[in-house]
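*Asks:* Residue numbers (the working numbering), protein chains in the order written: chain A, 155 to 381; chain B, 155 to 381; chain C, 155 to 381; chain D, 155 to 381; chain E, 155 to 381; chain F, 155 to 381.
These aren't lab readings, by the way, just hints derived from the structure by calculation.
Among the hints, erroneous ones may be present.
Taking CB as the label site, the calculated pair distances span [said to hold, decoys possible]: (1) A:A196 <-> C:E345: 18 to 24 Å; (2) D:E346 <-> C:P307: 56 to 62 Å; (3) C:E342 <-> E:S315: 32 to 38 Å; (4) F:E345 <-> B:A216: 30 to 36 Å; (5) A:E322 <-> D:M155: 44 to 50 Å; (6) B:E322 <-> C:E346: 26 to 32 Å; (7) B:E322 <-> A:A216: 30 to 36 Å; (8) A:P307 <-> F:A341: 55 to 61 Å; (9) D:K312 <-> C:P219: 37 to 43 Å; (10) C:G348 <-> B:A196: 55 to 61 Å.
If the Cβ cut is set under 10 Å, some of the chain E residues that face chain F in the computed set are [unchecked claim]: (11) V166; (12) H170; (13) M258; (14) L300; (15) K301; (16) V351; (17) A362; (18) A364; (19) N367; (20) I375.
By construction, the Cβ of each residue, glycine as well, lies at the ideal position given by its N, Cα and C atoms.
What follows is each chain in one-letter form.
6 protein chains.
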Amino acid sequence: MKILVVNPNTTVSMTHKIAKAARAVARPDTEIVTTNPSKGPASIQGFLDAATCVPGLLEEVARHPDADAIVIACFDDTGLDAVRMSVSVPVLGIGEAGYHAASMIANKFSVITTLSRSVPGLENNLMRYGLAQKCVAVRATDIPVLKLEEGDPATMLKIRSEIRETIEQDKAEAIVLGCAGMADLMAELSEEFGLPVIDGVAAGVTFAEALVNNKLSTSKIGAYSSA
Amino acid sequence: MKILVVNPNTTVSMTHKIAKAARAVARPDTEIVTTNPSKGPASIQGFLDAATCVPGLLEEVARHPDADAIVIACFDDTGLDAVRMSVSVPVLGIGEAGYHAASMIANKFSVITTLSRSVPGLENNLMRYGLAQKCVAVRATDIPVLKLEEGDPATMLKIRSEIRETIEQDKAEAIVLGCAGMADLMAELSEEFGLPVIDGVAAGVTFAEALVNNKLSTSKIGAYSSA
Amino acid sequence: MKILVVNPNTTVSMTHKIAKAARAVARPDTEIVTTNPSKGPASIQGFLDAATCVPGLLEEVARHPDADAIVIACFDDTGLDAVRMSVSVPVLGIGEAGYHAASMIANKFSVITTLSRSVPGLENNLMRYGLAQKCVAVRATDIPVLKLEEGDPATMLKIRSEIRETIEQDKAEAIVLGCAGMADLMAELSEEFGLPVIDGVAAGVTFAEALVNNKLSTSKIGAYSSA
Amino acid sequence: MKILVVNPNTTVSMTHKIAKAARAVARPDTEIVTTNPSKGPASIQGFLDAATCVPGLLEEVARHPDADAIVIACFDDTGLDAVRMSVSVPVLGIGEAGYHAASMIANKFSVITTLSRSVPGLENNLMRYGLAQKCVAVRATDIPVLKLEEGDPATMLKIRSEIRETIEQDKAEAIVLGCAGMADLMAELSEEFGLPVIDGVAAGVTFAEALVNNKLSTSKIGAYSSA
Amino acid sequence: MKILVVNPNTTVSMTHKIAKAARAVARPDTEIVTTNPSKGPASIQGFLDAATCVPGLLEEVARHPDADAIVIACFDDTGLDAVRMSVSVPVLGIGEAGYHAASMIANKFSVITTLSRSVPGLENNLMRYGLAQKCVAVRATDIPVLKLEEGDPATMLKIRSEIRETIEQDKAEAIVLGCAGMADLMAELSEEFGLPVIDGVAAGVTFAEALVNNKLSTSKIGAYSSA
Amino acid sequence: MKILVVNPNTTVSMTHKIAKAARAVARPDTEIVTTNPSKGPASIQGFLDAATCVPGLLEEVARHPDADAIVIACFDDTGLDAVRMSVSVPVLGIGEAGYHAASMIANKFSVITTLSRSVPGLENNLMRYGLAQKCVAVRATDIPVLKLEEGDPATMLKIRSEIRETIEQDKAEAIVLGCAGMADLMAELSEEFGLPVIDGVAAGVTFAEALVNNKLSTSKIGAYSSA
């Protein structure tokens, strides 16, 4: 099967990192196609970026009509409803996929994301998906998305500090890493803190495989009907 | 990988049907092991059966310590928390898996189950998982679980009638079949009604594969800590 | 004061109708400026239209930096968060304004909108605003937005029938007309059914006046911070 | 139009302060009539005061049958439902008005009120209005209502300290001042803390103007039917 | 122990009926004292009556300072918070008591009350107590409270019809009779419909006995603190 | 009447303590019968113990068919639904009884329990009963159940410290002691902290008496139907 993984921002280095995370978990017979728009915001930080990247995202989706499933590789799940309306294959956001995965292996989870400005959008999504009640905290590190690309040691210190605090104070039992740019940290942090650390890209790709294998596609009755 | 699929009731013909549904979606390199307790209720219909089958379920789980993931093939997700506490691999109930799958491909879904007596237990589960808000109705056909095994045409008429009504009256966009014994009806009903029809056994097996591939296991901090 | 009322679709006749509704309630010293994008969907019906009209909406907003308040004249409140992030003056969606007005004069209200496909988006908004619990039903007439422009008698029959049913069956105490294209029906239907009938355009303009008069502007801490 | 603003306690100096706040935002052609009962509690602090002031409040309302709208100038919104039942014009509580205003300009808000004893009543109101989910905290300064009248510098220090904490700890994006006696502090605190600070009296008066201008009145079907 | 049962309306025949219901369940060593205000509404039907009867209710409570517990015998639980603030003994509303009793013996219950106008107040109470989620319907018979006193056969037909419908349509498992004036119907209807039928007066008196026997009194920290 | 109080664990000394607490509040004419299974977990700490003790609990219930009511004396309310399905008399869990009692005498309450591992089960129960919204915190002392039997002074220090913190930080107005093994501490702690401290065993016994006196039994329609 072919899974299209769209990074909705224009930062190619993030698309590469996403591709690597996607391929690390995909089945041998799954083809991972990654792409990003050529125009639009360089990172998705808050409601304005989330809205303005959607036309580019829809264009990339339209360019790949043979995809068997689509993963939107932005933790805000930006454009998720619009993409679902424009195709009939399964569509997953990586935030959504991460929350579902966390709900299957822990009673309560936390999200560690980038800027404070992004927190309300994630909280809205959690409420819409019904999974807000499984999430004890959405915490911001206040590290900009693109800073994650630079590999600054201070960045990792801040992420570690938030994980430690959310385990102790919020009683989190699992962590969802709230940015596609954190995809490479999953194994290391899980080992270090002794609890599941979830990357939405990996979760999204494997759940997409699962849905395709179930021969399930996006419902075309009601909310996502195209006619 | 090896996935243990436990039918928590003692009806071997259901275990066979579950095995067939599980193998139909599993990857070629996934080994599906199915089992059921030798003692306990012949079907799980309501809170009393759900409680009394748990010791047998736990015994079957203990007999397969090499499983990479466990699927509890009863739509009540009976014993889910107890099994999670007793192992560290991922554990999925087929009700839980069906609700998550439905939430990924439709805005709202309905559940069609067997007896009215089973409805409150399913509603409680949906509330706990947070997914009650995605579920517009849990409808009972009032067909006993074991009656499903007999292939009576009246049974299918009743299931069809409930699906038709929940699409029209409740605005369901997808259907979750609320009993392991309905696993073989999925494709046929989906075709007929033009919307996704989800079988929890298939969803559970593929999500278990996904979680294992993500190297995720049940959190051992908090609710499911064993020490 | 100057209030910018943006119709986010490209149908000029709807913009005229909106302008009329806005001016009918505005204070004498309030200047109402109406506009619509030149490119984008002709009507907003569902998630895809709601996403694709946003760039045009943002452009119109950017063209009027001297507005003291902004009203987004689409009942889906499309782009509301993105617009709030891009300006500091108060921004109101007409769906949002209608729900708040209804909550102030009735214990429970209903929404009568156009297509079934638009219902989930409105329900999501109501949930986000917290006002879902005041709303007993969002009912679709299944009349396309642009059909409302044509003045077909069958259209009015359908709207009346839904209002009658929601009063009797859902115990609605007030009605919010769920489309900017229904703005001219408010007085007539209110008289006929003996209960408040609310037009979001009128509510939005007068609440915008109220916020400006309170010297209140969109918070720039947190969700809508621009930096 | 004529707006009746009733202070439901018997403290005339508070009525004067309320009148000043009301007139500061009212349109030139709006007549503000303020009054208070001659008998009843001197301040409304908790459930007992809130209940015992209602007969006096209803008497004041009955004395002004020509009012076009009524504002109940107590942050507990005491007697709101009863007054709505006894008249047909719009009726707003200043707590209610403040919460709606805050919801229109911020994603999340906090309330700063007087005594801890008053907090549960405000929380109940927020739950009933549906706006509890927009409110991150109701904080008490533990300054009695009438102490606010005295202009003690310690009072202002305590209010400032609570505002600072709720911005930092609760991530409040706007503040609703939870007592009619704080009406004069709005502009100063907003400037100082760089976020919207809302006075319910001002919000109530301008929303009342808006509702009257929309020709909306209290629904007489259902909860507020008088017959 | 002495339990004061206050009928907050002025209809003495209802007080007598309440007294009979209270004494029928009270322990031999429990003294039941019943009373009603001499001034105020003759029945409590909606928010206005509920507010205006409170001063009379508080006077009756103040006249019996030696009561070990207080039961407010109006299904609206009118004045409950105010009475709790004015005494330290346990205080129960009969609506509240009925809902708690129903929650202990059934998964879901319905309320059958008098006028439609009273429904919103009951729904608000259920929401505040947290028990709304256990209640599948609050149904009005549209029989005025005082009409119940007359023993009209049509009255009983209407009550029976609503019970039948709520069992079939709402899946109610128990019925709470939503008016002190229905107290004498409990046994007969329970027998007839084969499910628990709960009278709030009886529930209130026995729960009051239970709380006194537990040596529990109303908390004087927080919401009900009197100082 | 005869009330069967079942300790679902096998620790006889806890059964004795429970019997003492039950008899201290029961009426003179109530016969308290206490028992515990001979096989199963020695204490109920988390989901696994809660599941494995149920068969023994059901056996003890079946051995006493003449009981007029049943109290399950484990704060997890383990097996509550199953027992309700197997009998027709009223059945109360001591957690459930404690939460209902607290809701009747305080606006908000806290629970102080034993291990952190038990907290999620209690939170799930509170959500199911609807009473989560009345509960501001479930706090663990991290003292194992059986440790409570030993009378270690450090145990009491820890319980006191949690009570103090929950009053100050969570604004608890009443405390529910979250373990049958704490039953003897109720009076002492209530006196010391000046707020109601509730023992579920005592609450359960007196509410059972109340339900029996109301001639109420478990509904046999719907969730708890036995056929």
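*Asks:* Would you list, in rising numerical order, the hints stated earlier that this structure does not obey?
*Replies:* 1, 4, 5, 11, 12, 14 and 15
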